[in-house]
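Engineer: Residue strings, one per chain:
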Amino acid sequence: MNTEHETPEVVRDWLQARARQRPDSRDIVDAALLEIAGTPQRRPGWVRASSAANALVGRGEAIPRRVAWLGLLALAVGVLTIGYVVAGAGRPRPLNVIVPPSEPSPAAEATARPAVVFGPTGLIVYTKTDEIHTLDPVTGQDQLVLQRPGVTGYIVGWSQDGKRILASDGTASYSMGPDGSDLRTVPLIDPFAWSPDASRFAHVVGKEVEVTDVHDPITKGFPLPPTKGLGQLGPWSPDGSSILAIACDMADTCSRSYSESLWRLDQASRTWHRLAPNGPGAIEAASWSPDGTRIVFSIRDRVRSVIWIVDPAGSGLTYLTPDATFSIGASWSPDGRMLAFLSNRDGTSRAYTMRVDGTAVQRVTSGRLNDFGPVWSPDGRWLAVVRSDAPALDADTGAAIWIVGADGSGEREVATGKGLGGLAWQPAVEVSAAPAPPLP
Amino acid sequence: MEADLVARAQAGDRLAFERLAVASVDRLNAVAFSILGDVHLAEDATQQALLNIWRDLPGLRDHARFEAWSYRLVVRACYAEARRRPNWLPNVMERPAHEPLASDGRGSVADRDQLERGFRRLSIEQRAVVVLHFYADLPLDEVAEVLGVPVGTTHSRLNRAMNALRAALAADARPPSFEAAAEREL
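Protein chains in written order, with my numbering: chain A, 9 to 448; chain B, 5 to 190.
No lab work stands behind these hints: they were computed from the structure.
Hints are not guaranteed to be accurate.
Said to hold, decoys possible - Distance ranges between label pairs, derived from CB positions:
(1) G375(A) to D145(B): 32 to 40 Å
(2) A15(B) to T279(A): 57 to 65 Å
(3) G156(B) to S277(A): 53 to 61 Å
(4) E17(A) to G156(B): 22 to 30 Å
(5) D145(B) to T179(A): 25 to 33 Å
(6) T147(A) to P143(B): 46 to 54 Å
(7) N163(B) to R278(A): 46 to 54 Å
(8) T301(A) to G63(B): 41 to 49 Å
What the hints assert, rightly or not - A few chain A residues that don't get close to chain B, going by computed Cβ distances all over 12 Å:
(9) D190
(10) P225
(11) I226
(12) K228
(13) L232
(14) D319
(15) P342
Don't be surprised by glycine CBs; every beta carbon is placed ideally from N, CA and C.
Only chain A is shown next, with the shape it has when bound in the complex (with noise of 0.2 Å):
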């Protein structure tokens, strides 16, 4: 084949080829239309004039439309500029800035700021399209430490003793230093999951699950579940001795099969132990408290995404979102003691945080923005949120990374770019004793 003056047509034919393999699709129809019952339209600011305009100026008045509508919009704009001359907001401000519903003054935020700062080992990592960032949210000090041209998103995380840097992308994982260095490349079999420490990693080969020492070749292999097939591997517990899975029944291959179960390998006995059966949906999230006694993931078919909580052991499994809507992301509090989630009980993405027995559910962000996250501070006392006004993250969309305290106070944009995905606060790690800088 000629390929140099063939491709176009080639690719053009399998793509076509291949679209036709597809299933019917009509049923997604019908399960937009169920979702879309309980979403409003969000009509912009224009179409909002345009039917205000539309009623004041009515159908077949003797004033032609066009010269009214000019007026009107004159008018609109005359006044916006008078107020906004007059409140002295005429600042330019960069592109994909996403601006605070009310932007308090400098003093009355230095009023309103909590008196608790951060401690001064918290730095957030984050993900930016094919880079991944550390950020001090105290001095707003932001640094490159990883870059993989064509990558379009990382998943992050820290070590446990928050030393480490954890993240992984379609092609290979990675660990290293908080500034970048030391970094070590596992090539990406996924299931992948890396050891609470950052010392071992698990990934599936063949028929087992093999865990595997950074430091000496030393691999355990240990069987699989006992299902069709494997979706994800981990997290590991935090004391590192056993490992959660997502397995699936319905096919050799998990991937959104929307009937997945909750698994754990322990390690010490070889023997795994179904936490949460074959559900009506697809698994997400899965999260260990940090003292390794409960667990909470979950449940997501196409109308709502529930989250749910069980021991090790596999008891007490119960709901804590039991409304119709999507609760996502769960993530616990330094002290085990609270959860912080995503939720769009009220027509957009917020996050939310409730006691891990579902109850004293407190709405932390507010505004017109989507939130993605959130994750906790390591002093517990505050969450990191992405915004956007996007209703999922990509690589050409807007975003900024907001920091608010876990009562809803305190709320401040601490970095801004396109391409914004993932984020995680490094845990508490041993720190000198000098005192933390204010927050700025």
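We have chain A; now place chain B onto it with these hints.
Structural biologist: Positioned in the frame of chain A, the structure of chain B alone reads:
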């Protein structure tokens, strides 16, 4: 007809939106599947795109631009799906045993396998350009508009993608590599 449905759905007419969705879903799902290469992820992305179309439709000024605008939303939904599980491996739907490969006189089974592998290695942004240009038949300036990126960026993404796919096809003639062997292991 479509413009009329768009106008009515824009005003909040759910019946009109349903007809619009039925008329568009196959086109959108085909694009999502072509980009993501996974039936389930594509269905999720298409469903999310339909939801976003409903929600943001009042902001669409030019009804005649509905098709291009809907492509933009489905591509964004694909980005979000890929980002939600960045370490996803495409779950290419298994072809039923009784269904023969479509025979179009071009490309062998080996070519298709090489294309599949090469396509999996492209970034999600490169896939979007390839799919919108070669599958949806959009000219590159319109692809740029749909993706919200400069035309030059679209050209460079397409060039890189095509070079990678040519390399994948050319690799057909080479002996199996360790990488290919490892892939078979998986």
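Engineer: Against each hint, give a clear statement of whether it holds in the structure.
Structural biologist: Hints versus structure:
1. G375(A) to D145(B): 32 to 40 Å: holds (36 Å)
2. A15(B) to T279(A): 57 to 65 Å: holds (60 Å)
3. G156(B) to S277(A): 53 to 61 Å: holds (59 Å)
4. E17(A) to G156(B): 22 to 30 Å: 25 Å Cβ-Cβ, so the 22 to 30 Å window holds.
5. D145(B) to T179(A): 25 to 33 Å: holds (32 Å)
6. T147(A) to P143(B): 46 to 54 Å: holds (48 Å)
7. N163(B) to R278(A): 46 to 54 Å: holds (51 Å)
8. T301(A) to G63(B): 41 to 49 Å: With a Cβ separation near 48 Å, T301(A) and G63(B) satisfy 41 to 49 Å, so the hint holds.
9. D190: holds (22 Å)
10. P225: holds (18 Å)
11. I226: holds (21 Å)
12. K228: Answer for K228(A): holds, closest chain B Cβ roughly 19 Å.
13. L232: The claim stands: L232(A) keeps its Cβ more than 12 Å from every Cβ of chain B (closest is about 14 Å).
14. D319: holds (27 Å)
15. P342: The assertion about P342(A) holds, with a minimum of 25 Å to chain B.
Figure legend: structure checked against the earlier numbered hints; every hint is met.
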